[in-house]
Structures are given as structure tokens and as C-alpha cells.
Amino acid sequence: MPRLMDMGLSKLTNVILQMAELSKKSVATSMEGFRNGRTVIDQIYQWSEELRELEDETNELATEIIARYQPVASDLRYIEACLAISNGFFRFGRYAYDIAEVLQMFGDLSNCEKKIVEETAATAEEMLQMSIEAFLKRDVELAKKIKLMDDIVDTNYREHIGRSMNDPKGDLKCVMSTTLILRYLERIADHADYIGDLVVYITTGFRVTNFRKSLPLGQEQQTTGKKAKLQGKPQPFYDGKN
Amino acid sequence: MRRRKKKDGLVMGELAIQEQSDIDISLASQQGEVLSDSSASVSQRRRGHKIVTIDLKAQFGRVQVLRGINLEIKERSITAIMGPSGCGKTTFIRCLNRLHELTPGASVTGRVILDGEDIYSPKVNPVLVRRKIGMVFQKPNPFPTMSVYDNVAAGLKLNGVRDKAKLDEAVERSLKLAFLWDEVKDDLKKSGAALSGGQQQRLCIARALAVEPEVILMDEPCSALDPTATAKIEEAIFELKKDYTIVIVTHNMQQAARVADYTAFFYLGELIEYGNTEQIFENPKNELTERYITGKFG
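Chains as they are written, first to last, in the working numbering: chain G, 1 to 242; chain P, 1 to 298.
Treat the hints as calculated values from the structure; they're not laboratory data.
Any given hint could turn out to be false.
Claimed, not checked - Which chain P residues face chain G? A few, computed with CB under 8 Å, are given here:
no.	residue
1	G68
2	N70
3	L188
4	N283
5	P284
6	N286
7	E287
8	L288
9	E290
10	F297
The model shown is predicted, which means the values in this text are computed figures rather than measured ones.
For every residue, glycine included, the Cβ atom is placed at its ideal position computed from N, Cα and C.
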């Protein structure tokens, strides 16, 4: 027999899935704008505002479910995770808007090398899609795969910065726009990774971040590329020769 | 890049760090009847276990109500026992102070070790056990013809205490511990039955505390009370754990979640899961526990 709380949980799931769809569309459209030079900012702004409203709706629904039914165990974990996941989807929308804003600010980018952005975007979008699927199917294995892909995006971003700093003849407009877009894609990948962690938490009760913190420094570094960079010796981007 | 603050239990803080419940039960069970000076006793005290039950079984005639409970109750903490009706919760705590055997046809096997000593040993006087392990029942049951003062002093008077100053001191101390003193101090001669339901229950707690027990058993102490009275009892219970070991049977899972440091889930006379309360309510290990607390049971 369904419980009264199940109606609330099912509403919550529907809002999250709506957000997933909208945020996926926003990121894909921003990248389409990058590839084709099409103006997309107005459309993406509208979606990003819708995502903001849906995030508020998630918060209200979650609060109501907690107040009415005092959820525990897997119900409580699900609600806690939904709050964080809805914020993740909202962030996807905001980063898509940030990318659209870069396109607007810098104008025509047809002379810029687009390969690295396109490659990184393909990975980030795939991670986003995987995070949605992992959430839908409660697929822990898929969630773990997202983490491995995060390193590709991080490396692309950092290598681009390293190359640009050491290339004084580079086109400033291309360098800056590419840097900004890669930075936003890197953030999108991070949030997809977090959603994967939350799927693990919903399903198993295991908090991935707590696990990471509990590892000795060396092992922790191996868990993600980002951690390694944060905690390892920083490598200067600029070698001072130019 | 994500940073999270260290997550502590909301209320429990240090208590959320569960000690390894590694008492050597087999060692305890190999000792003689009186374990006061045995190594098991030392081990039990060192590790902070006030009560240890070993293969505790209880029957009403041919009906087996408890089917071998092994549970370690930590000293100066609140342990909640929850489970559906008929799972043996109440019988379990009634075995902890030898009340169960008073029911005609009822019997107990197994061991209940209190501070290293088996309370079911032939050498042990059950009356002394009940003095050490006080009890508060579901329905407030103050002595109706006695005043507030006499209700609290009754246990001491029965034990031969006649010194007025000692009685006064014990009554005031117990009523303060039960969070009732401020409400009754101006009229201690008032009948206990004239108090509200919540006050009566706190009076019963004060009465149990007056004889200076070490453990307090509570059998659904708030089920007949409104939320305000419940909150006061819960505050009192929470304060009491500084000096007492408390075991509380409750149907109200939120109550267990609010006050208990450790929670045990019983089903059909068996202990299904026992752990720190945060873990039981956030991430129960057993599917039955999960289904019970999320309301997917039956």
C-alpha cells in the first residue's frame, strides 16, 4: 500500500526530472551557440530562471515532506540528496547562461580554435547525461564512472591555461573566451560528479566525500585529478620566459 | 573542490562516536554466578557497559516472547527499544529488573549482567535489583492518596529512612532532577493525583529517582501525554543521562530519534538491529529495520 509520503516523494522526483531535462537543454544550446555563432542568451536566460523557480519548488516540497512525515532512512537520504541535486541542475543552467554571456561579450569567435572546447563540452555533456541516468536508475556503477571522466575535463582546462600563458602571440579574444568557457564546462563536470556521489549516498548510505577525507593524503590525491592539483605542489602556468 | 563541514550528530555530538561494542560475551558467560570481581566485570566497566544481556529468553507459559537477546547497554546513555506491538520490548525491560518473573506462568532464561553481576544469580535479592534499576510506566501512577512529598519520599520511608532533613533533601533533589520542583515547590502537600498528566509522570520519575537507582527503565513514558508534557519529560530524560543509564521503550520513533544515543529494533522477540541512533535512522543496515522505520512494514 502506498504511503502518504510517497505522493510527496513522487512530486519531488518529477520536479527533479523536469530540472534535469531543462538543464541538459540549456548546456546543449549554449554549446550549439558556440559552434554556430548563434545568439542563444535570451533563451538560456529564460530556462535558467525556470530552473531557479524549480529549485525553489524542490526546497519547498522537501521542507513540506519533512514537516509532515518526518522521513528517516532511505526516504531521508533521498530528500537530502534531492536538495543538493536540484542545486546541481540549477548550477548547470547558470553555467550554460555564463557560456552564452561569453559568446555575447566576445562576439564572432569563428577564427578561434574550437577543438578543445568542443571535446571538453562533449565530455561534460556526457557526464551530465550520465548523472541524470544514474539518478533515474539509482545506478551506482554508472555514478562511479562519472568520477573517472572528471579528470579529462580538468586536464583540458589546465593544459589550455598552461599553453596560453606561455604563448604571447596568442589571440587574446580567443584565449580569454576559450578559458572562460572551459572553466564553466569544468564546473559543469564537477556538479555532474557531485550528483554521482549523491546517487551513491541515496542508494548505499555511503557519503563519498567523507570517504575521500578519511583517506591518507596520497591516496586521496589518486581519487580525483582535482584533489591532486589542489593538494599537490602547484605548478606555475607561466614560466617567466616571455 | 566541494567542501563540507564535518558532520556531527545534532544533539549527540561526542556520543555519536560509537564505541566498539566489543565486550567479550563468551568470557562473561564463562564466569561464575557472581562476577563482581571477575575479569569480565572489569572489562565491562572499562568499556562502559552497564547492562549486558546474554541469550536472554522469556516465556509466558509456552509462548516464547524473547528469543535470545544479546545486547549491551552503555552506561550513562539513553538506549531506546523500538519495534511493533508484541515484539517483546516491554518484556525485555521487565526482565532487566526481574519484574517479568512476577507474572504467573512467566519464566526467564539466559543472563542479565549488571555491573558484572548476574542479576538472576540465586545469591541476588530481586528487591535489591529493583532498587538499583527503577522503572517508570506508560500510565502515570502516583500513589493517589499521598501528597507530592509523600509520593517521592515513599520509597525511602519503606527503606527505613526517618530523618526529616534527609527526606527533605531527597525530595527536593529528585523533584529538581525530574524538572518538577519549580512547579510544585510551593505546595508539596498537594495530592499527587491533583497534578496534570505530564506532572504526574514527572512525579513518578522523581519517585523512581528518590531511592537513588543507577538505571531507569521507562515503558512508553510519554504515550499518554500531550506534546508539551512530552517535551518536558524528554528534557528531563536527556539531563538524567549525565548520572543514570536509561532504557526507554517507545512506539514513537521520533522520540527515539530525539532523545536516544543508541537504538535497538526488536521484531518477533529477536533483536534485529542495534546501533547508534543516527546510524539507525539515517542508514539502517537491516532491511527489516529500514521497512519498519519508513512505514513500509506489513
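Structure-based check of each hint:
no., hint, result
1, G68, "26 Å, violated"
2, N70, "24 Å, violated"
3, L188, "39 Å, violated"
4, N283, "3 Å, holds"
5, P284, "5 Å, holds"
6, N286, "11 Å, violated"
7, E287, "10 Å, violated"
8, L288, "12 Å, violated"
9, E290, "5 Å, holds"
10, F297, "10 Å, violated"
The structure shown violates the earlier hints numbered 1, 2, 3, 6, 7, 8, 10.
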